[in-house]
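2 protein chains.
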Amino acid sequence: MEISRTHLIEDLNSSMEGQDVLFGGWVVDLRKLGKMAFLTVRDVTGMCQVIVKGDSMNLLEGLNRQSVVRISGKVQSSKAKDFDFEISATEIQILAKAEYPLPIDPIGRLESDIDNRLNSRALDMRNQKTASIFKLRSQVLASIRETLIKRKFIEINTPKIIGSASEGGADLFSLDYFGKQGYLAQSPQLYKEQMTIGLERVFEISSFYRAEKSHTGRHLSEFTSVDIEAAMMDYTDVMDVLESIVVDVFKNTAENSKTEQKEIGHEIKVPNSPFERVTYTQALEELGDMDIKLEFGEDLQDSHLRSLGAKHPGFFFLTDWPMNLKPFYI
Amino acid sequence: MEISRTHLIEDLNSSMEGQDVLFGGWVVDLRKLGKMAFLTVRDVTGMCQVIVKGDSMNLLEGLNRQSVVRISGKVQSSKAKDFDFEISATEIQILAKAEYPLPIDPIGRLESDIDNRLNSRALDMRNQKTASIFKLRSQVLASIRETLIKRKFIEINTPKIIGSASEGGADLFSLDYFGKQGYLAQSPQLYKEQMTIGLERVFEISSFYRAEKSHTGRHLSEFTSVDIEAAMMDYTDVMDVLESIVVDVFKNTAENSKTEQKEIGHEIKVPNSPFERVTYTQALEELGDMDIKLEFGEDLQDSHLRSLGAKHPGFFFLTDWPMNLKPFYI
Numbered sequence: 096m097e098i099s100r101t102h103l104i105e106d107l108n109s110s111m112e113g114q115d116v117l118f119g120g121w122v123v124d125l126r127k128l129g130k131m132a133f134l135t136v137r138d139v140t141g142m143c144q145v146i147v148k149g150d151s152m153n154l155l156e157g158l159n160r161q162s163v164v165r166i167s168g169k170v171q172s173s174k175a176k177d178f179d180f181e182i183s184a185t186e187i188q189i190l191a192k193a194e195y196p197l198p199i200d201p202i203g204r205l206e207s208d209i210d211n212r213l214n215s216r217a218l219d220m221r222n223q224k225t226a227s228i229f230k231l232r233s234q235v236l237a238s239i240r241e242t243l244i245k246r247k248f249i250e251i252n253t254p255k256i257i258g259s260a261s262e263g264g265a266d267l268f269s270l271d272y273f274g275k276q277g278y279l280a281q282s283p284q285l286y287k288e289q290m291t292i293g294l295e296r297v298f299e300i301s302s303f304y305r306a307e308k309s310h311t312g313r314h315l316s317e318f319t320s321v322d323i324e325a326a327m328m329d330y331t332d333v334m335d336v337l338e339s340i341v342v343d344v345f346k347n348t349a350e351n352s353k354t355e356q357k358e359i360g361h362e363i364k365v366p367n368s369p370f371e372r373v374t375y376t377q378a379l380e381e382l383g384d385m386d387i388k389l390e391f392g393e394d395l396q397d398s399h400l401r402s403l404g405a406k407h408p409g410f411f412f413l414t415d416w417p418m419n420l421k422p423f424y425i
Numbered sequence: 096m097e098i099s100r101t102h103l104i105e106d107l108n109s110s111m112e113g114q115d116v117l118f119g120g121w122v123v124d125l126r127k128l129g130k131m132a133f134l135t136v137r138d139v140t141g142m143c144q145v146i147v148k149g150d151s152m153n154l155l156e157g158l159n160r161q162s163v164v165r166i167s168g169k170v171q172s173s174k175a176k177d178f179d180f181e182i183s184a185t186e187i188q189i190l191a192k193a194e195y196p197l198p199i200d201p202i203g204r205l206e207s208d209i210d211n212r213l214n215s216r217a218l219d220m221r222n223q224k225t226a227s228i229f230k231l232r233s234q235v236l237a238s239i240r241e242t243l244i245k246r247k248f249i250e251i252n253t254p255k256i257i258g259s260a261s262e263g264g265a266d267l268f269s270l271d272y273f274g275k276q277g278y279l280a281q282s283p284q285l286y287k288e289q290m291t292i293g294l295e296r297v298f299e300i301s302s303f304y305r306a307e308k309s310h311t312g313r314h315l316s317e318f319t320s321v322d323i324e325a326a327m328m329d330y331t332d333v334m335d336v337l338e339s340i341v342v343d344v345f346k347n348t349a350e351n352s353k354t355e356q357k358e359i360g361h362e363i364k365v366p367n368s369p370f371e372r373v374t375y376t377q378a379l380e381e382l383g384d385m386d387i388k389l390e391f392g393e394d395l396q397d398s399h400l401r402s403l404g405a406k407h408p409g410f411f412f413l414t415d416w417p418m419n420l421k422p423f424y425i
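Protein chains in written order, with this note's numbering: chain W, 96 to 425; chain H, 96 to 425.
Treat the hints with care, as some may be off.
Said to hold, decoys possible - The list that follows gives simulated cross-link-like pairs (lysine-lysine, DSBU-like), each with its CA atoms no further than 30 Å apart:
# : chain 1 : residue 1 : chain 2 : residue 2
1 : H       : K353      : W       : K192
2 : H       : K169      : W       : K245
3 : H       : K388      : H       : K224
4 : W       : K357      : H       : K247
5 : H       : K353      : W       : K247
By construction, these hints were calculated from the structure, which means they are not laboratory data.
Just so you know, these numbers come straight off a predicted model, no measurement behind them.
Given only the sequences and the hints, what does the whole structure look like? Please build it.
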């Protein structure tokens, strides 16, 4: 069976009135009203409305929501509120029929709890709130890479199965590597540092592993790490790189994901830049003004950072830490 | 100490004659000729020539090849064969002095054997042949992503520590996951297939793992995989996607890595497209003409593919395999 299409849904528009088109997707919604039916169909690029009437009504036999279909039809203008054109169906092929009833409602009219959603995770991906998070995530990755490549960074892939610990040793996953002890890498640290000696600027975006059974929201045993290393930079250069990554991510996703922002109900606002740079000493003073007394040399706890965050609501850098506390990085 | 620079080396040019500049890098070569010395210095963007003479000669004290330097100087025109401008040094800061003698020659005038190179891998990265391979590799990754994103694919990151085998089970690395048995993923297969149900087109570029102790040049226990999955495509669509990835990689690297191609002594030639599509039946006939007799239904071995490759020197697809042999993919 041919699955080819003449169009993706985003390629369809009202100027194509009268044209025959062939496209595929999932049935988001299906409403039968007497001798007529309205379908909404989604593919990777968007959603459109399909009208079925007359003899074509028998094409709907066995069709239910979330089934996979291929539709032939003619473009015509629409009086619908959400669509300025629609497709008058001449043929509907059901490529795969959805289960009925569905275990969760992927349109999101009925909110399912997280357990049910995870048990039907594939179907949950059809919920456009869920899908939007993955689409945004993909755009974030693309933006980070674009910024770094523009700044002459070279993308590398370092080994994840390693022979010894790269940062301390207690929290590594260990595995049998053909009779030898191997470990899952916590970070590309040692590799990327060595590679800057020849390549000057490198980065890796990949999965890394920490065998920490943690109960905070900031730790995962397996996580996607954005790791960057450069030679010939001081800490102000490093802050510039970080700042441009963050600002570009906000700018790019704000511009390129208007649909996704609508779906998740959140409008992305590009932060002001340059980011404020607050010294450790200044932070202690500000905390003092809030009646939080810390001695010079003490570390800042999450609660202190939250208090500082209230005073500096945007992004900011905390700089000039005492050497004894953080000689290298935070 | 400030490590900031006014310029990257690629920003310098002959039109800047008389301008004061400040840049950093590694000393590729150092030749003293009486009261004068010639340095070549490289950073991530390129290489330039530095002239030292008169009183400045004492700045060279303790300097040797591959040391890390920061140079202040003035741009002037050059009579050198390889450079149309040079920098007359007024100050040379040695940020890190290289060992002497070096364990391998990173300029590549003396070829080191692979064992010595791997023992000094960081220094080997300064060999521009080695560095070029990593730079090309980074461009290949960028090109693949660009092509896929243009075709509406969404980048995903799937779990690498999994609870059960995704494709067969014998060749998995196993590990202890907080008292449970975990495995390293061989591929994102099950995840990506499920994700197409909601996202339609996904890809992942990441490390995957196979516990096969293999002695062919085609298998690694840990490898970077380019994994793509799409709904609503037939095998001709899949070949189109693959073909465009391959052609774009050749086009992009051919255009954007002229220096790297020169370094490795290989000129990238963009393959003709569309790629030829040879059916299994036609392949059997062609092999028959070469006196290699195969029955319909037999698999093609590496030697057969090499023979076919001689007849079809570019890229080609082998299609229409017997169902019993390869019902799904090759």
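Tell me, which hint numbers fail for this structure? 1, 3
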